[in-house]
Every structure is written in structure tokens, then in C-alpha cells.
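Protein chains in written order, with the working numbering: chain A, 1 to 404; chain B, 405 to 626; chain C, 627 to 920.
Derived from the structure by calculation, the hints contain no laboratory data. It is possible that some hints are incorrect.
Said to hold, decoys possible - Here are the simulated lysine to aspartate or glutamate pairs, DMTMM-like style, with alpha carbons at most 20 Å apart:
1) B:492 to C:905
2) C:872 to C:905
3) B:598 to A:275
What the hints assert, rightly or not - Okay, the calculated bits of chain A under chain B, using three or more residues with CB under 8 Å as the criterion:
4) 1-15
5) 117-124
6) 149-162
7) 336-342
Using N, Cα and C, we set each Cβ at its ideal position, and we do this for glycine too.
Next come the chains, spelled out residue by residue.
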Amino acid sequence: MKALKTLQIIITILMLSWLLPWVWKLATDKPQNNPFVYYSSLINSFGIRSTINETTLLTDARDNSYTQTQFDSILPMVYYRQLAREGQLPDSLHGQEINQRIIARNNFFYRYRPSDKNQPLIPLYALFESMPKRIDLEMPGDIMRLRKKPEFINPDTGNSNTHKSARFAIELEKNGFVGPPSLIAGNPTTRKSYDEGYVIVDQNKNLFHLKMVNARPYVAKIEMPEDLHLSWITVTEYPTKTFYCFLISKDGRLFTVQTDGYKLKEIPTPSFDPETDNLLIMGNLFHWNIQVSTNQRQTTYAVDAHSFKLVNQYTFETLPPKEWLQSSIFPFSINFSSANDKFIFPRIKFNGWTHLPASVLLLLGYLALQYRKKSWCPVTTILLLVTGIYGLLAFLLVGDTKHI
Amino acid sequence: MIKALLYKEWLKTRWFILGATIAGLLLQNWLFMKTGRSLRLVGAEHIWDVIINRNQFLFTELKYLPLFSGALMGLAQFLPEITNRRIKLTFHLPLREKTITAWMVGYGIGVLLLLFILQTSILAVGMSVNFAPEIVANGLLTVMPWYVGGLWAYLACAFVALEPTWRQRIPNLLVTVALLRTLYLSDFPAAYQKMPVYLMALTIVLTLWTWLSVYRFKIGRQ
Amino acid sequence: METVIECRNLTHYYGERCIYENLNFRIAKGRIVGLLGKNGTGKTTTINILNGYLQPREGECLMLGHKAGQLPPEIKQRIALLLEGHVQYAFMNIQQIERFYSSFYPNWNRAPYYELMKKLKIAPGQRISRMSCGQRSQVALGLILAQNADLLILDDFSMGLDPGYRRLFVDYLNEYARAENKTVFVTSHIIQDMERLIDECMILDYGQLLLQKPIDEILNTFKRYRIHTEREPQWERLSGILHPEKIRDKVEFYSFNGPEQIATQLQQQNINTEQLKTERLTLEEAFIGLTGKY
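The shape of chain A in the complex, shown without the other chains:
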């Protein structure tokens, strides 16, 4: 019976450590405004648009202020449409002809969040025809299951197309593919300009490119350094067709696989943990802005779009939220969800020892009260010291193990 009561107290404490910090956050949290940072090759610095107290500030990394018009003109790759409308878009930049079409074609926007990777997936894949007879992509009419061997299933009947499955199986095997895959990436949507199929890591950590061309399998093995362990792949299918995909390694390195002979090219990236940090790449004709956001800071690299050399960098330190009050009240907190994944499971976060003074005070209060009542419970005392306010509230709610 004591054990059951203890369990009741502990579970009450755990529920409180989930709900109270949540209520606290609900009552106190403020928006986190990270600035928009974009490299300007015209001023060799970053244009920064930040919002402080609901006013927008336009500056650069050297603290010069700009008007909106000035800001537009230092970032023509961002505001080219605005500039074009006002007739302010130059004909050429850095000796390269530019116009709206060229800029739009070369601009890309790539975002990676840890939750892209950490979420429940259904391992079925639509493999499109990469050379459709008509301009637009069409749904393939079947769906690929890729385990040891590929299998194409008709959703209407549930039957598999054995002929097609066998043809793809032979082609994959010929290229050394060993299923089932450990990682597979593609964009199974018709709302893209062309299709590059799937990029796949097999059982032996080899990298493959699989697509369907004229109803036939196309498989290519992509050479990759032995020590490269991939965490995530994004097939890009950008209009410029210079690379097939982004590869993110487990240690936070970033590569592109070039369309030119499947060569890997490493992209300089700020220190990056694919499990917790967000990655944002804003590319244009001349430079890529590679931005990594962690809880503490947002670092932006400007990288030359041709040589991939680091040109400039800017770090914005995120103001640490004022958590001292919270952590001096709450010894720990439990969360069931996280921005970094789509799974639900309990995760406990300890807030260090700053809660000790408050916990000791609560404990003294408890002891004084119980001294007068002449009933003192050692288990409650320990729980109070370790769990602070949660322990006290649990005691008030469900009592202690001495009085069941």
C-alpha cells in the first residue's frame, strides 16, 4: 500500500512538472524575433532586418541604418521585383547580365528542421516518370515499396506489377544496391518543374540515385567518402539543375551532389547539429546565405555560389530568455513534445540547482507545519527537497505515505 501511495505521489509530481511549467510558459512567453539576414555583395556586408518592439529596423552588419528603398537596392537578389517595378533593377551585376527571370531561376530557398527527419513515416514511395510525354508530371499510377527488392503496387487493386518490379530489382542489383534502404529521399509531388526520383542509402551505406526514365529504371551509384554517415537527404529539383540533392551528415556537414558526374561538393556550414538545429539556405546567382539557428544563436555564412568559399559571416546571439525565476521555482520540467520531432514521449529537463533555496524554504515551511501536527514523513521530506514546489503541491493534493 505504501508503494502504491508513493507511486501516486511520484506520478502527481511528474504531472505537475509537466503542467506547471507549461502554464508558466503560457503566461509569460514572448515572441522570439530572429532577424532576417542576407548577404549583400554590393556592400560586402549583411543586410539585416530586425523587429524590436514592433518596429522594423533596417541595418547592416556594420550598424549602418537604411531606408526601405536603400535596403531594397543593397539586396537586389531579394527585392528584385520591387526594384524592377520601380525601374531600379540594374541590367548587370558583377559583370553578369541579370533580369527578373534570371534571378528567379537562380534563387532557391532550402529549409531543414530536425522534425523533417524525426517523424513517423510510411515507407511507400511514388516514383514518377522523369521524362513525361506531356509537360506536367503525372502520378505514376502505382506506388513503390522498397525493402530487399522494389515492388510496385497498384493502389486500386493492391496487386503488384511483377514485371516492373523485376525490372527495377535487376537494375538496382546490377548497381550493387543491397536493400532494404536505411535512408530514402524524394519529393513525391506533381507540383515541381521536373523529377529526379529518389536518392537512397542502402544497407551497406552506399548512396544511389534511382529514377524512372521512359518507364525504365535508371540507377546510379554515387561515390561517397567511407567515413561519411548521412543523417538526411533532400532532393532539390531546383530550376538550375546544377545539383541533385543536399546531403546532411550526422556530424553536421553539408554536401551537394552535383549533376556534373555525381561529384560531392562540401558546403561550408556553421557548426550544426542535425538533431537540434535548423538550417536555412537562401541561394542566388552569386552567393548562398547558409544560416544555422540553435537555441543560443543564429549564424549566417555567405558563401560564393561558384567556388563555395566562405565570403563573410554574421552571428546573431539570441537573447537568452529570462529563465532564472522559472528555474529557481521549478527544479525540472517534463515535456511530451518537442519542436525537433513529431513524436510524443516524455522528456525531462533539469534546471540545475538554482531551485535549492526555494525548495529548502518550502521544506522548512512543511516541517514547521508538520511539527505542530506532530506528524512528519521522511519520504515527503526527501521528495520536497528534490522536487521542491511539485513535492509540496503533491503533498497538499494527495498527502503522504504515512497517512494512506
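Knowing the structure of chain A, use the given hints to seat chains B and C on it.
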């Protein structure tokens, strides 16, 4: 004697069992009709695409059915016991209190498990007709916390109802409601797939807690 | 004599409030014992302790030789229980409830149950919840009789019953208990009924057991006295006088002492006792005499 004890539980819950079974069948029937209609109208490939790539679950209407089933089962079984403190009669029956409690709660869990297994079997079989096993498995993982929610709601009712004092009943209610809330935190399909151990452990704890309430009743907390 | 119920040094408090301290009593086999007391003197508390629904702060109770609260099933089989308000499984009908209970008790005897049920004007299959209070009391009584237990514990059996049903209940129980040599322990608010039923009486007052005596002994020895006198006697010099009251020149009091002893004591205070009246009491009057009107 056990047969008679179960007979009493049956008398209390037979209308609930009939109602819950019919409600479940009707709801599932409706959901399958709805799915069938979508399949006819927009085609299987599109529906598969929506499920696989846009994280849609076709049977979200099932979400609170087990919860209500469990809660109603608990009320059907334990409300008649606590009105007029009839539980005193039950515990005066010539069986040990632990035996009585275990059979009563066991009966409730048994009935709910049968009901839930029936419902999930129909769901699994019905989904298998139109969808790949991967999609069916994902669907079952999606409904898992909901059905666990049904069991927890039942056990919570037993725990709260059998507790003899209001002073303790309210905290018990709050804690069990908080626990139940943890099962409905995400609508993302299969989001609870890492949770089976947590779900199992707390199911056991909640089952045992019933005995905590009975014990408090036995020692005469008022 | 075999002891069926025994309570030793029973002490119970609700929070700070003392119900009783060091309560001791025993009930012998074959006796019909009534537990009387005003509201809040701990009648139901005692029943709850006996049945194991309450742990006393101190002391213990033995039922058929086993500690209350830890009765093994075979002892529980020998004890029939009537809860306050004739509470029963109201969602059953009379056949269902008989079938239900019969499998718990090896000596189950359905005849008296159905005999009583025949007297009730109820539809077959009518649920107990849809019966009147009186009808329900007969169902509860019938079940207790059918159980054929050695010890019957009845908590406030007269509550909510009209006089007809009360009489029916008492007569039936009385006849049954005496014929089968059952031990019965009852509490009731309505003391008139008890007089027809019980042969021994326990009276609880706040915090203590006032007395436990055979009912004949109480009615034969406990008397009310009346006398006309201008002068109020000095009560503190008298012994064995209970609840004296003086309204104008009328003096009234109760005592276990005989009339001669009372007269002698009053004469010592120079009170004329020629008109001293001695009155035999009903149990209800005796109860008031013992516990006071307030």
C-alpha cells in the same frame, strides 16, 4: 461465487455493452462508407498519396470513442456501487476484498478489451481491403493511444469512484485527467509509436490504484 | 454462554471529536440485542467497525471469534447484514437478487424469501429501484432470512418505514430469530419497535456505554417518580437520581432505586413523601429517562 459476482457486473453493464458495440459498429460503418466514397470519387492513388505524404489519417472520428466507452463502462459499473454506499454490500460478500476488486476491475477491463479488439480488428481488416499493410500498421499505431485512453478512462473512473472521500477524490480526478491528457497531445499519425512502455506501465499503475481506493474505503476514511 | 460479538477497549475519534473511549461489551449467542443512542453517539460507527468498514483508533472487535475487518470469507458467510436504509442492489429484480446471493451462501434457504415476496404487490421482473421503501425493506429482510446466518446485524431497520411495515418486519424477524436461535444485533431510532423485538439493550451516550442490561431488568427496576412539593430537594445529596425536573410544584425524576429507598432519602430532607408516585415505563420512556431529553 465468482460467476455470481460477474453476473452482477453483467446486469449493471449489459445495456452499456450493447450500446457501445452498436455505436462502434455504426461509427466504423459510416467511416468506411466515407472512405469508400472518397476512393470512388478521387481514386485510390490520390487517397494513398494524402495518407503517405500529407500525414492524413482517415479515421480521426474514432479518436474519442474509446475514451467515452471506457468512461461510461466505469460509470455503469461503479456508480451503482457507490450510490448509497452499496459497495459495503459488495465487500460483505463472503470473498476476500482483493478477490472482489480484482474480479470487478478484471471484468471491466475484459469487456473493454473485447470491445476494443473487435473495433481495431474491424479497422485493420477494413483498412487492409483498400490500403497497403504499411498504411494499416500506421493506422493502428495512430489509434493505439486512443484505445489505451479508453482503458485509462475506465480505470480512472474506478479509482475516483471507489475513493471514499471528496477531499481525495478531486486530486485523484485531476491527476487521472492529466494522465489522460497525455494521450491526446498530437494528431500526427503514429506519433505515439515510441510510447508502448509508458502506456503499459501506467496502465498497470492505474489498475493497481483501484486497490488504493478500496483500501482507503476499508479502513474507513471519511 | 458462547460469545458472538466482543468489543474490547474500543476508542474512536473523528478528527478531534471523541465518539467513545474504552468501550467494552459482549453479546452472547442467541440474544437479540438492541443498540440505542441518540444521533451522533456512534451507533453506525460501531456497526461500521464491526463490519470492517472502519478501523477504530484503538481497541478491537471480535465477530464469531475473528477480528472485525479481517473476517475470512467463511465467517462472512455466517453474518447477515442489513444496511441503513435497506440498501440493496436496486438494479436487480427479486429473482435476480435471490439468484445472485444464493450462490454465496451454502445454507441458503429461498423459502422464507419467496414467502415474504408473495406478500408484496409487485410485478414480476420489477426492479428493486422501482419499489417503495417498505417493499424494499421486505426484500432486504427476506434476503437476510434466506441467508440463514448465525449472526444478523441490522443497522436502523425502521428508517423510512410506515408503521405497518415496521410491525411486519419486527414480527417476522422476532419469530425467525427465536425459532432458529439466531443472534441479532440491531440499531434503531424508533424504540417502540425494539420493545417487541429485543431481549437485551445497550444504550450509548456521548463518549460512553451507559448500560447493557436485559430489557426486563430495565423495565422492572427503572422507574419514574413524581411528587408534589413546594421545596426543591437538594439533588446533590440524593444518590441514583437521574434527570430531575421541577415545574412549579411538580417534581419528576428517574431512578433504578426502589420506592422505599427513594422515600427514605426524601424524608431525610423533610419532604412529605405520602404522594410519591412510582410509574412503570415503556422502553422509550426509560431511554429518555436514562439519556435525558436533550
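> So which hints don't hold here, by number, going up?
Replying inline: Going through the list in order, the structure violates hint 1 alone and respects the others.
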